[in-house]
Amino acid sequence: MCRLALKSADEPFSPYEMLMAMEAMQEGYDGSGLGLLLRGIEFDDFKLKPNHVILSGIAHTENALQRMADFMGESGYELKYQHEFDMRPGIIETRNRKRFKYVVRVYKTPDWSNLTQDEQELRLTETRLALRKNGEDHGGDLTIFSLWFDVIMIKEVGWPLQIGDGLGLDDDRIKARVVMAQGRQNTNYGINLYACHPFFIQGISTMTNGENTAFIPIKEYLLGRHIPGYLGYHSDSEVFTHILHYTTKVLKLPLEAYKHVITPLKTEELDHHPQGDFLKGLRTACRRLIIDGPNAIIGTLPDETCMLVMDQKKLRPATVGGRPGAWAIASEMCGVDALVPDRDPALDFQPMREHTVIIPPERKELKIWSQFDPFTIPQAA
Amino acid sequence: MVSVRSIYNTPSSLTYHDLPWIITHREDRCTLCGQCTAVCPVGAIYLTYRRQRVPKLDVLKKQRGNEYRHFVGIRQQTDVSKRCIGCGMCSMVCPNEAIGPHPNTNENRSAFVRSQKGDAFKRGGRRNAPGKTILDRISFDRISMLTDPALDAGRHEFNYNTILGRILPPEEYLKRKASGEWIPPTREIFPFIIGSMSFGALSPNMWLGLLQGVAYCNEVLGIPVVMATGEGGCPPWILKSPFLKYIILQIASGYFGWDEIIRAIPEMQCDPAAIEIKYGQGAKPGDGGLLMWFKVSKLIARLRGVPEGVDLPSPPVHQTLYSIEESVMKMIQTMSMAFGFRVPVYPKISGSTSAKAVLNNLVRNPYAGGLLIDGIDGGTGAAYDVSMEATGHPIASNLRECYLDLVAQGRQNEIPLFAAGGIGKNGNVTQNGLAMIMLGASGVHIGKYIMQSAAGCLGNEMGRCNVCNVGICPKGITSQNEKLFRRLDPDDVAQRVVDTFMMIRTETKKIMAPLGRSQSLPIGMSDALGIDDADAAERLKINYIC
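Same order as they appear, the protein sequences are chains A and B. Heads up, the first sequence is in this note's numbering, so the first residue is 1 and it goes up one at a time. Heads up, the second sequence is in this note's numbering, so the first residue is 382 and it goes up one at a time.
No lab work stands behind these hints: they were computed from the structure. Treat the hints with care, as some may be off.
Some but not every residue of chain A turned toward chain B, in silico, with C-beta under 7 Å [what the hints assert, rightly or not]:
{"no.": "1", "residue": "220"}
{"no.": "2", "residue": "293"}
{"no.": "3", "residue": "378"}
A virtual CB, placed ideally from N, CA and C, is assigned to each residue, including glycine.
With the rest of the complex left out, here is chain B (with noise of 0.2 Å):
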């Protein structure tokens, strides 16, 4: 036995069988190109010559001895830093299938020394909590078998858009249209809405992708698709475009970008469709937006304001204001007037078993023209691994609780309703949203799935990639690196957001058909849902079914 001392070994050494993604390389199959080693985002593998034993026993003249084989291979990195994150790229990029990375189904012993340098583990992506989630179990099965004729999805004319902003009831508007008063604006818009994520959080190629294809919907298509901003601002083109009506600003505690917002004003050729402001975010309650140094690139800078290359952390909580109470007023009073009272304003917050009572705040300020709320699935470009793991609520029975608490006041109709935070991580987006809807959603947001469908982000729930947060994606969604988002085509990813709505609509007609719904969007049809689970039907107040 050696003396340990001789090992190479801290207290942080790993041995690949370590690391959360273990990578497979056929030495028989490379060809030593070297696209693998060059790809990998994180520098996990490198290229290496190793020396092998060969002994060698000459029977007939009696003698042993050694022969020494000498080759090249690929090698994973164990240095926590650099470990694999099972990104994938280097398998996409092999032209003879000879590498690629497995998920350890042995214990992660990375895990314990993901702590260096005096820091807790960030990163971007949601929490990794794999499996169907509860709105994957929800089924549609009142299904209008009664009276004939049943409708035809293909055939017949369904109306599925809902209604964004602050809607009175009946008798006030009737008075107020007499009398010539104020009525608030609402939007008419589909009701998967792309999520707030900042320009900066993404990739230029990505924002311009993702709003060309909003456009094409809205102009070419008639799906009222609109995408939400988060914070950081807009490009200036686009806040002067006549395509700032398909975008919902959002201003959030760091006011980031709101200068270049302002200064626009009196250029806009159109109103935004919304202002979102935020107050929590499902995915890190508790914390503001963070922009990572490396994402903070010349363009980013100066649309923000502020120096290149510096961490961008928002406060948890809007400055200035003494309660939230006080600040959901005051923001939403504020932005109204910004805008002449033409646009709705409504808040975000995190999924929480306190929302009842911010929605209750909202039901009595006039000028509030919703509420989002964003579960624990969430994601975001970058939190604390702690952040995404642990804290919210999801987002099924917060927003049902709130949805009921409006029903027994009758105000179902006033405030609107729309749910975020793991709505198709599964990749079943229209059953989830529509599952949402029907729950009491007046429609959902959707931020990582638009990512997956239509810029192919490798992020999934098995912690695989989740680097959104340094600026190193790999498929350029996340980037501010013109080596990296150049590798994303926006004519590309506008054609899949395109594809990506086209589904839903139809997916969306498939649901409401059999349900003998077409009139209106089935928000609140509760009736229609069943789920394999006592405690959860009972806590929904839906159908069990088995």
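Pulled out of the complex, with its shape left as it was, chain A reads as follows (with noise of 0.2 Å):
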């Protein structure tokens, strides 16, 4: 079972924080590897602006990065910053594995005045799925995470905190509001980096501990749908990013539909329901996405918002605690006490089955929302 944790505050804070608290969670993961999503992000030594954009991976190679490098430059992207981490040589493991530069980019997008909001991304994920596919089809030479406007994804094999000591994260030079790390417990049998969490399509991104029993029929499904990105499926939890995805940005119903589209309720709960028609009929068409197994899964929006939900069993732990300005999700109770320690404990939220648990942007409360509350939605009036 992996460990998770997420910080979300007002103040950017280094990842390195998040670290420390995994290091609170240490008997939960093997060392088989760590993610890291920041977002919200503020360079020590440069300052974005809202048509920048940032590049996160890995080139093992110096040709994958040369090329890498070509490639952006075609397109149109025009790099305005790179972030050197200070590496400390002999810290992280490397064995037989050849990193030849941890990537974070920035680039000025081209001009995208004429395009949609929709169409941007569109384009930015365009790009990344391109490059993706360069390092695949050059034997794996080039590994992209994420290339989003403030976001960066960092994915290494490995003890968490031996990976932040000899990316040197310890140093301030990056800062985030909100920060999601997971420590792996490898249930997927190779280590693949991709098939590391937390797991990114558009800015969406969800990290999970558990076992997705129904992987294979959602994966089917997924990739029927031909999504651009609907792609991978390196780890059965890459499917609850995607899904998270098609819930809010295809069928663009709110935040709080992605738990009836998960693990709705039973019909004779739905029977008693104020939208029980709307939602019975929503858990029909969704069927294929209905999740399985043991899960905790915490992600995040574009627009900073945090969120947690559990299985239809409650079969995993997780609690959120915090704080008007700083809030912490963690799969242990001890995670969330490393990570705001100043807040009053007995506040502290398990949720349960039915509840989806938002930190909205403003950080100002948390919001506790049962499935047996109505929503808002002119389908469901």
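Now that you have both chains on their own, put them together as the hints suggest.
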């Protein structure tokens, strides 16, 4: 069972803080990998502008780095800033893995003034996928995690704190308002960087501790949507991210509907629900997206909203706690303690099967939404 | 040596060793009560007087002579029309365990002379291919051991129901819901459905028992079981009852019984579960339904609107129509309209390499509510033996291929596929059904299994019994003869139906729990399946295990 931690704060903080919290939960992972997502970025020596995007990944060879740089240039992206990690050699166990460069580069987008928001997002996705394919076509020498407005993703095989030390993440040169971290317990046989949580598509990201036993039918269904970016599936949890994307971006349903898609209520419960008729139809139409197995899903949206939902049987632990301005979600209580020590622990909340915990971008208070509550969308009226 | 002409011998002459079943009779136990000869449905045994010569030699008087012993015993008919069918009713009624049939392990020469009076051999039952089926050989091998806790089949809650009816893609559903447009009807049902067996093929008591059991499952146990009628209509009292919602009405090429159904529509208290349009049957592809004259009783004649005592062969195709595409479209739309677009309508076809073509046609028909494919191991009340034995396609690969075709199109949730034909053939009904579901079926239809499990049908795949066609069913399941169907108590059948579905429910949980599945029926969860045959594994795209 993997360990998960998320922190969302008004004041940007170092991702190293998350790795310390991961240490507090260290019984739960085996050093098979670390994934970090940073959102709401502040560089020490560079100021991001609205038309800037950040590319994150790993170029395993010099040639791959060159191809990546050429591709971005040819696609009209203009390099504005390149973050150099303060690498400390010998800390990350490399074994026979060659990592030529951990890439975090800021590009100015081409002139997209005539494109809608959706079109711009599609361009970013297409560019990311083209780069990913470029790497795959060259023996996997280029791994691309994200290309988005203010998101950095770092993934590496190894013990979380060692990776943080090896990359010099404690130097406070990168800070973020939202950080997600996962320490992996490898359940996927082979160690693949793309199989490392969190997963990312168009600004939406989730991470999970657990096992999705309905993986194959869901994967087959998502592949059949033919939506750019619905690929990979090296991990059974990747589908959670894509379902969140499908629910909010494609179906344009509110975040609360996610819970109704992945873990719908029973017929007997919907019979008494004020929007039972609509929700029964939604459950049927989205039947292939019903997840199974023990899971706590922690995610973030492009507007810095954070959320936490449980599987239908609440077979996984997860706690949320904090104070106005700083909130934390972690798979273990000790993780929340480490992330926001100056809170009232009596107000911590452990969601049950029907809850969706939402940390809104304002970070004033938590929103705890129950599946039994009605929500406002025209179809359900 | 005597001359051949003095022995009674024709080309069709057989000895009892040539028959498929040989009666063993123990004279030392027989009380001559006569129950066996009275109960035998085909008159295969008879009571007879025999004389036995006992040679006698008086050595002292140097005399030779004979004595004759007379005895009474049970003998087996060797006439092919009265050959023993192996049903075993004789042993069931014998008070002293003195009699019973045994399968002939030598050659069965009667097979060569079954064609009598210008007709080919007809029978009921299904393909006589004993042994494990492909479905029996599949095991569920993706046990959820990576993360704990595992599920508890006894204590946790499981959602195992399925959906029958056309399902819209999510985008389309939301659009139509917002604009108030028509949304195709769906039903939430138990994935094991009692398959089409007509009122006519089955006796009134059997039908009543099934319906009572189904109603109990729904209303008391909360297991939403539905049953299909087969061709031949439905008794009017059921059409006008609240139980109609548990019934899938079938319309087939003979349209038998539909006068009554259409007339009853204004008086129906509820809608039927669905309408099944039969285009083909796995047991006899290319044949229409067949109710032989033996079973067209007064009641059946009235329900079907025909004279008594005539053969009722339905044509192989739906009349008046030009092609299956056109037929399917018109029939589906007509039936949908008749029930106000509130009832799912779907076709049933025989398993066939052309099934995918029919399926793709349905995908484009916005009114099609599903597709039922019936494989070669499906049963029937009456068909030519050659149809049952040699025509058709096994269900497993046929359904899998259709499902993967839908997956390639991303339409697997829109047209639910249902599978039939040999599910539970060797008694492993839940295992067979769940294997089909994980191969891609949304549910399975079971007919023969229900007859065996709920009513004690004696038929097996060694040619046992198989006389459903001539109305002499020794258990009273497929007979319209009052003397026979009185043997079957509807209450007992209902009890067995309930026992059967409770068992299937428990076993379904016992299969789903170790796979870590409880939130939805594991349709298409092919990663959980393994088979010890590399070729079958490759064809079905599942794991090869050994």
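Hint by hint, here is what the structure shows:
1. Annotation: interface hint on residue 220 of chain A holds; nearest CB of chain B at approximately 5 Å, less than 7 Å.
2. For the restraint placing residue 293 of chain A at the interface with chain B, the shortest Cβ-Cβ distance is roughly 5 Å, inside the 7 Å limit, so the hint holds.
3. Annotation: residue 378 of chain A was flagged as interfacial toward chain B, and the flag holds, the nearest CB pair being 5 Å apart, inside 7 Å.
Checked against the numbered hints listed earlier, the structure breaks none of them; every hint is satisfied.
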